[in-house]
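Q: For the record, the sequence lines run as chains A and B.
For the first sequence, this note's numbering begins at 6 and goes up steadily by one.
For the second sequence, this note's numbering begins at 4 and goes up steadily by one.
What the hints contain is simulated information worked out from the structure, not anything from laboratory work.
Watch out, some of these pointers could steer you wrong.
[What the hints assert, rightly or not] So the derived list for chain A, only partly shown, Cβ under 10 Å to chain B, looks like this:
| hint | residue |
| --- | --- |
| 1 | 11 |
| 2 | 39 |
| 3 | 43 |
| 4 | 48 |
| 5 | 56 |
| 6 | 60 |
| 7 | 95 |
| 8 | 97 |
| 9 | 99 |
| 10 | 102 |
| 11 | 103 |
| 12 | 105 |
| 13 | 107 |
Keep in mind the model is a prediction, meaning the values are calculated, not measured.
Each residue gets a CB set at the ideal place from its N, CA and C atoms; glycine is no exception.
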Amino acid sequence: AQSVTQLGSHVSVSEGALVLLRCNYSSSVPPYLFWYVQYPNQGLQLLLKYTSAATLVKGINDFEAEFKKSETSFHLTKPSAHMSDAAEYFCAVSLSGNTPLVFGKGTRLSVIA
Amino acid sequence: EAGVAQSPRYKIIEKRQSVAFWCNPISGHATLYWYQQILGQGPKLLIQFQNNGVVDDSQLPKDRFSAERLKGVDSTLKIQPAKLEDSAVYLCASRNTGTEAFFGQGTRLTVV
Numbered sequence: 006a007q008s009v010t011q012l013g014s015h016v017s018v019s020e021g022a023l024v025l026l027r028c029n030y031s032s033s034v035p036p037y038l039f040w041y042v043q044y045p046n047q048g049l050q051l052l053l054k055y056t057s058a059a060t061l062v063k064g065i066n067d068f069e070a071e072f073k074k075s076e077t078s079f080h081l082t083k084p085s086a087h088m089s090d091a092a093e094y095f096c097a098v099s100l101s102g103n104t105p106l107v108f109g110k111g112t113r114l115s116v117i118a
Numbered sequence: 004e005a006g007v008a009q010s011p012r013y014k015i016i017e018k019r020q021s022v023a024f025w026c027n028p029i030s031g032h033a034t035l036y037w038y039q040q041i042l043g044q045g046p047k048l049l050i051q052f053q054n055n056g057v058v059d060d061s062q063l064p065k066d067r068f069s070a071e072r073l074k075g076v077d078s079t080l081k082i083q084p085a086k087l088e089d090s091a092v093y094l095c096a097s098r099n100t101g102t103e104a105f106f107g108q109g110t111r112l113t114v115v
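Please take these sequences and the hints and turn them into a complete structure.
A: Pasting the structure below:
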């Protein structure tokens, strides 16, 4: 069975600083990996996805993530944080294009002016 | 492209009452999921449909939860009777093979 571990339930960064949100996964087969963002009282919005193509994945709003098989990691980064990036971020894994997404517990990102 | 539609957005009921949620997925998406998201946690799968058939309902509390997807399009999720611990956001998502899942805005259920 697949699983996701997000290290740090809360991350706080200054505006303009690097954002790094950590995600480690376990999967019996090459996984599909996703990062979603959730704003208060909203559903989940896809930031980026890895589906066995390029290991460095670029997403919306300058977010990117790198798939590292040897480390079973898929960490999310952004070079410069904006106030509007404050939200809850979820990493998810799926065994295939049809199987359910399994989510981590989420990381709340705070951006300090 | 229209997104995943869910209704209602909010619902408050007393324990032991029943409640139903509705989801209209993106047109053409064969896969539909219902997730439960308890405050402060990640979404947890309740049930997966492929067209109008159930693929995975292993985590659905079947003594009180039921779901159906008539004609392989819209879906409803029902809770009867509700318990206090059912208070959560219920998220519907749809997916085409090999793509990401698209989520609706969710229904926030409060059981008092």
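Q: All hints are to be evaluated individually against the structure, with a verdict given for each.
A: How the hints compare with the structure:
no.: 1; hint: 11; in the structure: holds, 8 Å
no.: 2; hint: 39; in the structure: holds, 6 Å
no.: 3; hint: 43; in the structure: holds, 9 Å
no.: 4; hint: 48; in the structure: holds, 4 Å
no.: 5; hint: 56; in the structure: holds, 7 Å
no.: 6; hint: 60; in the structure: violated, 18 Å
no.: 7; hint: 95; in the structure: holds, 5 Å
no.: 8; hint: 97; in the structure: holds, 8 Å
no.: 9; hint: 99; in the structure: holds, 8 Å
no.: 10; hint: 102; in the structure: holds, 3 Å
no.: 11; hint: 103; in the structure: holds, 6 Å
no.: 12; hint: 105; in the structure: holds, 5 Å
no.: 13; hint: 107; in the structure: holds, 7 Å
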